[in-house]
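Undergrad: Dock chain B against the given chain A, drawing on the hints supplied.
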Amino acid sequence: MSSFNILPKAKFGDWVSWLTERYRVFGPKPTEGQYTFSVIKSADDIDFNYTQTILSPKKCIVPQRELLYSYETSGMRVHAVIESLPTVILGVHTCDQHAIRLFDRIFSHSFTDQHYRSQRENTLIVGLECLRSCSEQSFCRSMGTTSPATDVFDLHMIDLGEEYCVEIGSARGRQLVAEFRGMFVASDADLEHRNTVLRNKWDSFPYRLDCDVTDLPELVDGALESSHWQELGDICLACGMCTQVCPTCYCFNIEDHVDLRLQRGSRYRSWDSCQINEFAMVAGGHNFRQKRAARQRHRFMRKAKYQYDANDMVGCVGCGRCATACLVHIAPITTFNELWRRKHVAEAQEAKVQP
Amino acid sequence: MKTLLEEVRNKESIYVPVPARIVKVESITELEKLFTLALPNDLRLQHEPGQFVQLTVFGVGEAPISITSSPSRSQGTFELAIRKVGDLTNVIHGLTPGRIVGVRGPFGRGFPLARFRGKDLLLVAGGCGMAPLRSLINQVLDERGNYGKVQILYGVKSPAEFMFKEELRRWAQRSDVELHLTVDAPDLGWNACVGYVASLFPEVKVDPRNTVAAIIGPPVMYKSVIAQCKAKGIADGNLWVSFERRMRCGVGKCGHCQMNHIYTCQRGPAFMYTEIKGLEEAFV
Chain A
1 MSSFNILPKA
11 KFGDWVSWLT
21 ERYRVFGPKP
31 TEGQYTFSVI
41 KSADDIDFNY
51 TQTILSPKKC
61 IVPQRELLYS
71 YETSGMRVHA
81 VIESLPTVIL
91 GVHTCDQHAI
101 RLFDRIFSHS
111 FTDQHYRSQR
121 ENTLIVGLEC
131 LRSCSEQSFC
141 RSMGTTSPAT
151 DVFDLHMIDL
161 GEEYCVEIGS
171 ARGRQLVAEF
181 RGMFVASDAD
191 LEHRNTVLRN
201 KWDSFPYRLD
211 CDVTDLPELV
221 DGALESSHWQ
231 ELGDICLACG
241 MCTQVCPTCY
251 CFNIEDHVDL
261 RLQRGSRYRS
271 WDSCQINEFA
281 MVAGGHNFRQ
291 KRAARQRHRF
301 MRKAKYQYDA
311 NDMVGCVGCG
321 RCATACLVHI
331 APITTFNELW
341 RRKHVAEAQE
351 AKVQP
Chain B
1 MKTLLEEVRN
11 KESIYVPVPA
21 RIVKVESITE
31 LEKLFTLALP
41 NDLRLQHEPG
51 QFVQLTVFGV
61 GEAPISITSS
71 PSRSQGTFEL
81 AIRKVGDLTN
91 VIHGLTPGRI
101 VGVRGPFGRG
111 FPLARFRGKD
121 LLLVAGGCGM
131 APLRSLINQV
141 LDERGNYGKV
151 QILYGVKSPA
161 EFMFKEELRR
171 WAQRSDVELH
181 LTVDAPDLGW
191 NACVGYVASL
201 FPEVKVDPRN
211 TVAAIIGPPV
221 MYKSVIAQCK
231 AKGIADGNLW
241 VSFERRMRCG
251 VGKCGHCQMN
261 HIYTCQRGPA
271 FMYTEIKGLE
281 EAFV
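Protein sequences appear in the order of chains A and B. FYI, in this note's numbering the residues of the first sequence are 1 to 355. FYI, in this note's numbering the residues of the second sequence are 1 to 284.
Here chain A stands alone, though its shape is the one from the complex (with noise of 0.2 angstroms):
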């Protein structure tokens, strides 16, 4: 079987069904003007010219509040909970599938999450190529995520006019396809099609970065001190809407719920925000970072460099939710091109004082 598959948009419906008659299907949904992944119980449920969700499929693996065990609260019948779903996430942006490869690196190195793991390997990604800019806000061409992430889909697919190309990305997704029986293998017209459509997607995805990714790590390091971070600080208001939207944003807390009675408590884990007051204080009340320009600079170096540094991968994928979702307009574009644009203008300063 060819590593590339066509799919007749007229067999979408039964492909979904299909799917939705094996799986949790998670998909792109029209909700109240705005889209998100949602459970889905057939094609009519979806719109595949979907522009940004509001969460990131994130939330389809990592549940915004999510149960790790259960016990008793004398201490005796401690179950951890570990429930998957067999799960298709359907449609997934480009820049979203690169964010799901950072958080297969962190949930699995030196301690393995078996939370994620176990929703991650019952969990299928059927990307979707995307043909134009889908926000005002994104910016994926300059961090390079306008490219699906090949590591992380199990299909790939291209919207072709008339077909979909679906794009073969692991054995699991092979199986998919032929157990599927409803696509037939691309023929050199289809590839050439397939060529084009990518060739000419291009235009369509400005560059909105001043410097280029590859700058990001050394222009936030050399930035620490920049007046930039209080210029945030002073307007944020520290909501934690930018991390809750954020598909590359994974800190969480733990806190525990017992029932009425003080016999059973089952302890949960949560989004998290570092955006928020108490994020890094200990007890006795002391805050290791209690100014949110020390807290806006935090989220803007983990993104920039820190996540560089660890993990190979800038942790900013540039699908631009933040920035939608920011009450007061802070947006990660802008932050990176101050910061290049302070950093040319004090080297200039510099140069001219030097004899």
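Think of the hints as simulated: they come from the structure by calculation, not from any bench. It cannot be assumed that every hint is accurate.
Claimed, not checked - Below 25 angstroms or equal to it, Euclidean Cα-Cα: the simulated BS3-like pairs (lysine-lysine) are:
1. A:Lys291 to B:Lys33
2. A:Lys9 to A:Lys41
3. B:Lys84 to B:Lys33
4. B:Lys223 to A:Lys291
5. B:Lys277 to B:Lys232
6. A:Lys29 to A:Lys11
Stated by the list, open to error - Now the in silico label distances, taken between C-beta atoms and shown as ranges:
7. B:Leu279 to A:Ser270: 20 to 30 angstroms
8. A:Val197 to B:Leu279: 43 to 53 angstroms
9. B:Glu280 to A:Leu67: 35 to 45 angstroms
10. B:Lys24 to A:Thr36: 52 to 62 angstroms
11. B:Lys2 to A:Ile235: 51 to 61 angstroms
12. B:Glu280 to A:Pro8: 56 to 66 angstroms
13. B:Thr3 to A:Glu32: 48 to 58 angstroms
14. A:Arg341 to B:Arg209: 25 to 35 angstroms
15. A:Arg342 to B:Leu188: 57 to 67 angstroms
16. A:Leu224 to B:Leu188: 41 to 51 angstroms
17. B:Ser175 to A:Ser70: 48 to 58 angstroms
18. B:Asn210 to A:Leu224: 49 to 59 angstroms
19. A:Ser70 to B:Ala38: 23 to 33 angstroms
20. B:Lys24 to A:Ser70: 24 to 34 angstroms
What the hints assert, rightly or not - If you only want the chain B side, here are some residues facing chain A, beta carbon under 8 angstroms, derived:
21. Ser13
22. Tyr15
23. Gly61
Note that the Cβ used here is the ideal one computed from N, Cα and C, for glycine as well.
TA: Below, chain B without anything else, positioned relative to chain A:
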């Protein structure tokens, strides 16, 4: 016999603790209690001084607590000295022998005793920093022949706040240990040094070529103590510190303990000063 960490790693979930029984509770100051915990029979703790466990009180929550007993004295049981300072520790202070708590760990990196061998040791604690430092001190004293001079510097707010008073007395009586104590607020019976821990340094003599310092205390203590050590000529690579941070997972995922790019629960909590001296978020 399996180690606790092997058992934790083998569990279905890395977040599920192993049950441990409280076998003894002693009040050591007004704010601190010493808890002796016993692991299930087939498990041993095997830790490095400076490492911590994630301690669960079922029905309440979990927090990182440093191990205060030395590896040499943590065979069947081990000790945690816990200050009553937050929601969880308030509950812990009400627990009595027989109660089951949960432990995961030991996590992180402790002090590398192998590198300390043959050296003079300057062991510095402020406040409840003595809890983790005691693990190192007692290990050193149990294998005393491995080390040169042993000097212990310990400061608290007022004399009543000294932890492990009986042990302090024993250390003070040993001819092969120098113990220097200080308080910020003396009472009538206090006739030793008054001031922060850094103010003990004038009375300490060190050989800078052969001294390793280990420093644990409240956030505000580090800068002044490190400055004193440097003034004595101790190289940055011979200064070791240990940091307290908020931790939720202990396994490098939850993000709370991050200092700049470093996850304290993974690379720390013990650090060589050269590893973190450039990190702005390491110091206050």
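Undergrad: Is the Cα-Cα distance between Lys29 of chain A and Lys11 of chain A 25 angstroms or less?
TA: Holds, at about 19 angstroms.
Undergrad: State, for the Cβ atoms of Lys2 of chain B and Ile235 of chain A, whether the hinted interval 51 to 61 angstroms holds or is violated.
TA: About 53 angstroms separates the Cβ atoms of Lys2 of chain B and Ile235 of chain A, which means 51 to 61 angstroms holds.
Undergrad: State, for the Cβ atoms of Ser70 of chain A and Ala38 of chain B, whether the hinted interval 23 to 33 angstroms holds or is violated.
TA: holds (24 angstroms)
Undergrad: If I claimed the Cβ atoms of Asn210 of chain B and Leu224 of chain A lie 49 to 59 angstroms apart, would that claim hold in this structure?
TA: violated (36 angstroms)
Undergrad: Check whether the Cα positions of Lys84 of chain B and Lys33 of chain B lie no farther apart than 25 angstroms.
TA: Holds, because 8 angstroms separates the two Cα atoms, which is no more than 25 angstroms.
Undergrad: The hint says 48 to 58 angstroms between Ser175 of chain B and Ser70 of chain A; measuring C-beta to C-beta, is that right?
TA: Distance hint for Ser175 of chain B, Ser70 of chain A holds at roughly 55 angstroms.
Undergrad: Is the straight-line distance between the alpha-carbon of Lys291 of chain A and that of Lys33 of chain B 25 angstroms or less?
TA: Violated. Lys291 of chain A to Lys33 of chain B sits at ~33 angstroms, over the 25 angstroms cutoff.
Undergrad: Has the hinted range 48 to 58 angstroms been met by the Cβ atoms of Thr3 of chain B and Glu32 of chain A?
TA: Since Thr3 of chain B and Glu32 of chain A have Cβ atoms about 53 angstroms apart, the given range 48 to 58 angstroms holds.
Undergrad: Has the hinted range 25 to 35 angstroms been met by the Cβ atoms of Arg341 of chain A and Arg209 of chain B?
TA: Distance hint for Arg341 of chain A, Arg209 of chain B is violated at roughly 49 angstroms.
Undergrad: Given the range 24 to 34 angstroms, decide if the beta-carbon distance of Lys24 of chain B to Ser70 of chain A lies inside it.
TA: holds (29 angstroms)
Undergrad: Holds or violated: the hint that Tyr15 of chain B contacts chain A, with Cβ atoms closer than 8 angstroms.
TA: holds (5 angstroms)
Undergrad: So if I understand the rule, the pair passes when the alpha-carbon distance is 25 angstroms or less; does Lys9 of chain A with Lys41 of chain A pass?
TA: OK: Lys9 of chain A and Lys41 of chain A at ~18 angstroms, within 25 angstroms.
Taken one by one, the earlier hints fail for this structure at numbers 1, 14, 18, listed in ascending order.
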